[in-house]
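From first to last, the protein sequence lines are chains L and H. If you read the first sequence in UniProt numbering, its first letter stands for residue 1, the second for the next number, and so on. If you read the second sequence in UniProt numbering, its first letter stands for residue 1, the second for the next number, and so on.
One thing to keep in mind: the hints can contain errors.
Since the list gives no way to pick out one identical chain from another, each pair is judged satisfied if it fits inside one copy or across any two copies.
[Claimed, not checked] Below, a list of computed lysine to any residue pairs in the SDA-like style, where the Cα atoms sit at most 20 Å apart:
1) 157 <-> 129
2) 157 <-> 216
3) 5 <-> 62
4) 157 <-> 215
What the hints contain is simulated information worked out from the structure, not anything from laboratory work.
2 protein chains.
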Amino acid sequence: MALPKKDADALASIVGAEHVRVEPGELAPYARDATPLFHAEPDAVVFPATTAEVAEVLELATERGIPVTPRGAGTNLCAATVAERGGIVLVLTRLNRILEISREELLARVEPGVTTARLADAAGARGLLYAPDPGSRTASTVGGNVATCAGGLRGLKYGVTRNYVLGLTAVLPTGEVVRTGGRLWKDVAGYDLTRLLTGSEGTLAVITEVTVALLPAPAGSGTGVAYFDSLADACRAVTAVISAGLVPATLEFLDQKCVAAVEEFAALGLRTDAGALLLFGDDGTDDVVAGNLARMAEVCTSAGALEVTLAEDVARSEALLAARRCSLPALSRLNSLTILEDATVPRPKLAEMVDRIDAIAARHELMIATFGHAGDGNLHPTCVLDPDDAGAVDRAHKAFAEIFAAAVELGGTITGEHGVGAAKLPYLADRIGPEQVALLRRIKSAFDPARILNPGKLGS
Amino acid sequence: MALPKKDADALASIVGAEHVRVEPGELAPYARDATPLFHAEPDAVVFPATTAEVAEVLELATERGIPVTPRGAGTNLCAATVAERGGIVLVLTRLNRILEISREELLARVEPGVTTARLADAAGARGLLYAPDPGSRTASTVGGNVATCAGGLRGLKYGVTRNYVLGLTAVLPTGEVVRTGGRLWKDVAGYDLTRLLTGSEGTLAVITEVTVALLPAPAGSGTGVAYFDSLADACRAVTAVISAGLVPATLEFLDQKCVAAVEEFAALGLRTDAGALLLFGDDGTDDVVAGNLARMAEVCTSAGALEVTLAEDVARSEALLAARRCSLPALSRLNSLTILEDATVPRPKLAEMVDRIDAIAARHELMIATFGHAGDGNLHPTCVLDPDDAGAVDRAHKAFAEIFAAAVELGGTITGEHGVGAAKLPYLADRIGPEQVALLRRIKSAFDPARILNPGKLGS
Numbered sequence: 001m002a003l004p005k006k007d008a009d010a011l012a013s014i015v016g017a018e019h020v021r022v023e024p025g026e027l028a029p030y031a032r033d034a035t036p037l038f039h040a041e042p043d044a045v046v047f048p049a050t051t052a053e054v055a056e057v058l059e060l061a062t063e064r065g066i067p068v069t070p071r072g073a074g075t076n077l078c079a080a081t082v083a084e085r086g087g088i089v090l091v092l093t094r095l096n097r098i099l100e101i102s103r104e105e106l107l108a109r110v111e112p113g114v115t116t117a118r119l120a121d122a123a124g125a126r127g128l129l130y131a132p133d134p135g136s137r138t139a140s141t142v143g144g145n146v147a148t149c150a151g152g153l154r155g156l157k158y159g160v161t162r163n164y165v166l167g168l169t170a171v172l173p174t175g176e177v178v179r180t181g182g183r184l185w186k187d188v189a190g191y192d193l194t195r196l197l198t199g200s201e202g203t204l205a206v207i208t209e210v211t212v213a214l215l216p217a218p219a220g221s222g223t224g225v226a227y228f229d230s231l232a233d234a235c236r237a238v239t240a241v242i243s244a245g246l247v248p249a250t251l252e253f254l255d256q257k258c259v260a261a262v263e264e265f266a267a268l269g270l271r272t273d274a275g276a277l278l279l280f281g282d283d284g285t286d287d288v289v290a291g292n293l294a295r296m297a298e299v300c301t302s303a304g305a306l307e308v309t310l311a312e313d314v315a316r317s318e319a320l321l322a323a324r325r326c327s328l329p330a331l332s333r334l335n336s337l338t339i340l341e342d343a344t345v346p347r348p349k350l351a352e353m354v355d356r357i358d359a360i361a362a363r364h365e366l367m368i369a370t371f372g373h374a375g376d377g378n379l380h381p382t383c384v385l386d387p388d389d390a391g392a393v394d395r396a397h398k399a400f401a402e403i404f405a406a407a408v409e410l411g412g413t414i415t416g417e418h419g420v421g422a423a424k425l426p427y428l429a430d431r432i433g434p435e436q437v438a439l440l441r442r443i444k445s446a447f448d449p450a451r452i453l454n455p456g457k458l459g460s
Numbered sequence: 001m002a003l004p005k006k007d008a009d010a011l012a013s014i015v016g017a018e019h020v021r022v023e024p025g026e027l028a029p030y031a032r033d034a035t036p037l038f039h040a041e042p043d044a045v046v047f048p049a050t051t052a053e054v055a056e057v058l059e060l061a062t063e064r065g066i067p068v069t070p071r072g073a074g075t076n077l078c079a080a081t082v083a084e085r086g087g088i089v090l091v092l093t094r095l096n097r098i099l100e101i102s103r104e105e106l107l108a109r110v111e112p113g114v115t116t117a118r119l120a121d122a123a124g125a126r127g128l129l130y131a132p133d134p135g136s137r138t139a140s141t142v143g144g145n146v147a148t149c150a151g152g153l154r155g156l157k158y159g160v161t162r163n164y165v166l167g168l169t170a171v172l173p174t175g176e177v178v179r180t181g182g183r184l185w186k187d188v189a190g191y192d193l194t195r196l197l198t199g200s201e202g203t204l205a206v207i208t209e210v211t212v213a214l215l216p217a218p219a220g221s222g223t224g225v226a227y228f229d230s231l232a233d234a235c236r237a238v239t240a241v242i243s244a245g246l247v248p249a250t251l252e253f254l255d256q257k258c259v260a261a262v263e264e265f266a267a268l269g270l271r272t273d274a275g276a277l278l279l280f281g282d283d284g285t286d287d288v289v290a291g292n293l294a295r296m297a298e299v300c301t302s303a304g305a306l307e308v309t310l311a312e313d314v315a316r317s318e319a320l321l322a323a324r325r326c327s328l329p330a331l332s333r334l335n336s337l338t339i340l341e342d343a344t345v346p347r348p349k350l351a352e353m354v355d356r357i358d359a360i361a362a363r364h365e366l367m368i369a370t371f372g373h374a375g376d377g378n379l380h381p382t383c384v385l386d387p388d389d390a391g392a393v394d395r396a397h398k399a400f401a402e403i404f405a406a407a408v409e410l411g412g413t414i415t416g417e418h419g420v421g422a423a424k425l426p427y428l429a430d431r432i433g434p435e436q437v438a439l440l441r442r443i444k445s446a447f448d449p450a451r452i453l454n455p456g457k458l459g460s
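Using the sequences and the accompanying hints, generate a full structural model.
Structure below.
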């Protein structure tokens with residue numbers, strides 16, 4: 001259903017005609033995000049450049065009952081930015097200025113369209129670290145990271161996006177601008193709207209400015225790799241590392257299928273005959289890094305590792321981390337459809353969860369490879385299949401439903417860091433219960449009485 | 001207004017008659033918390049022992065429109081647990097079991113009535129650290145810490161209570177039990193109710209179980225002290241420490257008035273002729289601690305410290321930290337009424353804020369001493385006066401209103417870690433704006449349609 005001309009004209013008068021797209025050919029690129037199998041064409045794509053323009057667009061949308069789906073780079077993996085009910089896709093990428101980086105206050109203030117990597121690089125140039133590092137960091141935006149509470153490879157030691165958001169400027173669907181938090185680590189004046197908006201997936205308000213905490217950049221870092229007979233063995237080593245009082249900056253694993261795909265893809269010299277690879281690493285002063293890597297190596301050896309190697313230099317460290325970072329592209333080459341999930345379980349349940357995933361894959365005759373953030377219990381089971389094989393696609397949906405149920409049964413969750421979006425909304429009540437789903441709906445109404453913001457997602 | 005007999009009987013039938021108090025003499029101890037000048041006698045004090053009992057009490061209260069004020073140890077400093085509208089004070093101290101401490105999962109699960117120190121000690125006995133350490137830790141409860149998002153002396157390096165809450169069991173005012181989060185660091189299934197409840201000051205739900213993250217206990221720690229001509233000089237040193245890339249575990253300051261009072265009280269051998277004392281410290285391996293303390297000492301010297309000393313041993317470190325911890329009791333001895341506040345500003349504004357506080361105190365002819373968490377910009381200006389001097393009490397209120405306004409003007413907040421409660425509700429709109437106050441009210445209604453939970457506080 002096309003947008004009425006008077007609405008399109010009103011949008012053009014707010015942001016300028018060149019920043020409103022309504023022609024079908026122009027809409028197609030905004031009908032999808034990075035989530036396979038989800039597709040919905042919006043009626044208009046709007047590119048505001050200021051908080052005031054966002055407020056005017058939202059006020060108009062509330063008045064006229066037009067759905068609005070906010071979007072950054074569209075790298076999310078849960079269809080959180082697919083315009084399920086049509087209406088406007090509101091793209092925030094023109095709001096792309098780094099407004100401030102302060103070394104003395106250890107913070108950055110940015111507009112939401114700045115990419116994660118650009119913020120990290122700008123901080124790095126000042127000797128500072130922006131800790132969250134989602135896999136899509138070169139493309140993903142800070143606004144999108146906040147909206148999904150993005151995680152990444154450093155979650156165990158450094159936490160996730162939530163831990164770094166100090167303040168937000170956000171526009172309510174009714175057009176009011178609120179400023180939550182600010183420049184302070186400590187501020188308890190009012191409910192914690194900063195954290196409530198973080199991870200709210202564009203369903204409560206549109207974020208137009210973000211203040212994040214930075215850390216002094218660590219002096220150095222180091223990485224090691226351990227091979228195990230089985231992923232279950234690797235998972236037990238993970239628990240042993242944590243139990244030994246170590247909180248590594250990196251603790252990632254790849255199953256045999258991932259290692260094989262990565263080696264085929266990138267020829268990093270990985271050993272492909274082992275059942276699993278565990279990547280471990282830390283950062284800090286040279287002494288601390290060397291000490292912690294040696295202890296982790298010891299623990300892995302005691303836990304039965306087939307082989308443990310420490311990267312001899314930065315280049316080798318980078319290569320090992322690349323092995324983890326390229327798991328998804330490497331697997332994606334194996335067939336035309338790749339479905340990446342992120343069920344998460346308590347660390348001591350990792351081995352059991354991996355066994356269950358393998359059993360589910362076997363029963364449904366699917367290729368599911370698993371890699372992930374072992375230190376966080378955050379698994380990325382990844383199904384590679386032929387999208388034209390309707391039977392396989394159907395079996396994949398069934399398999400993931402079983403995987404989510406298994407994660408919940410083991411005390412885990414349906415999504416560790418990707419979000420709920422449209423893709424996992426059907427499983428939400430199984431995780432948090434119907435009372436809490438009803439409560440989310442009421443909270444949604446407190447922000448968005450006309451329910452125009454990202455309908456069909458969280459709070460629906 | 002006494003509680004109708006049928007309500008008192010209904011409460012007795014839920015928790016047992018011996019756990020309901022309705023006689024005036026029994027109510028008096030629950031008419032106050034640690035906040036001076038706030039007093040309101042409840043109609044009943046109820047001591048439930050289980051989540052189910054809490055749910056029944058709340059369901060009854062919602063049905064009959066009885067206000068309920070949840071309370072832990074009553075150590076809060078913003079009248080958050082004073083029953084402004086009468087009704088029931090719901091004391092959670094019978095829910096006092098440590099349910100689990102897991103070294104392999106780095107977490108603890110406790111009931112809300114467990115004291116902070118008991119949790120910290122139990123974690124310590126397993127080689128683990130519960131990082132939040134509010135000043136009232138020996139008496140305060142974990143439930144109260146979560147409800148107020150308590151801070152403490154380690155905020156700069158370790159963050160506040162919010163950063164450690166993984167999951168909550170909470171009872172809605174309508175009696176439904178919700179379980180938010182869980183045992184995972186990464187879990188984005190739904191809005192972040194865990195963080196929304198943290199700091200909600202008992203106005204949204206009653207917390208009946210808490211899962212918190214623990215850390216491996218640091219191997220050691222060390223402390224140093226620097227004296228400066230003025231508090232402004234000390235504040236500049238704080239900014240210099242941070243700008244040098246250091247994030248110390250401790251960075252606390254005392255002004256000359258505090259140092260004098262502490263020395264008089266505890267005879268720790270502090271130098272009382274300097275304008276200010278800066279306490280700095282770090283934890284970690286011996287090498288890291290020694291290196292960081294040396295760098296901090298250097299920075300303080302470069303910033304013009306009169307004298308810098310590193311504690312030679314643990315006993316001296318403890319004595320220095322005691323100097324900071326006993327600031328409040330030491331000041332309290334100077335007169336019968338002590339009003340402690342916690343305005344917070346961005347670190348680079350600390351010196352200006354302290355100057356403003358001193359000017360405000362002088363203008364109102366008040367004794368206001370200031371100490372606080374310099375690393376967080378979190379100031380505790382403390383007014384000591386005679387409660388029978390009505391003129392002075394009135395001037396103190398005016399002075400604090402001016403102090404809050406100055407903090408907000410400098411980009412800070414009216415409360416860094418104590419909370420809003422009844423005491424700072426009049427200043428909330430000045431900090432967060434009327435749109436956000438209205439939004440808080442709507443969120444409150446989403447949880448508490450009958451508005452029975454802690455009325456007259458946040459969300460009112």
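#### Entry: Intra- versus inter-subunit Cα pairing at 20 Å for residue 5 with residue 62
Classified as within; 17 Å inside a copy, 49 Å across copies.
### Query
Under a CA distance limit of 20 Å, which applies to residue 157 and residue 215: within one copy, between copies, both, or neither?
both (13 Å within a copy, 10 Å between copies)
### Message
When Cα atoms must be at most 20 Å apart, do residue 157 and residue 129 count as within-copy, between-copy, both, or neither?
### Response
Answer is both; intra-copy 13 Å and inter-copy 15 Å each pass.
### Query
20 Å Cα cut-off: does residue 157 pair with residue 216 within a copy, between copies, both or neither?
both (15 Å within a copy, 11 Å between copies)
This entry satisfies every hint, going by the numbered hints stated previously.
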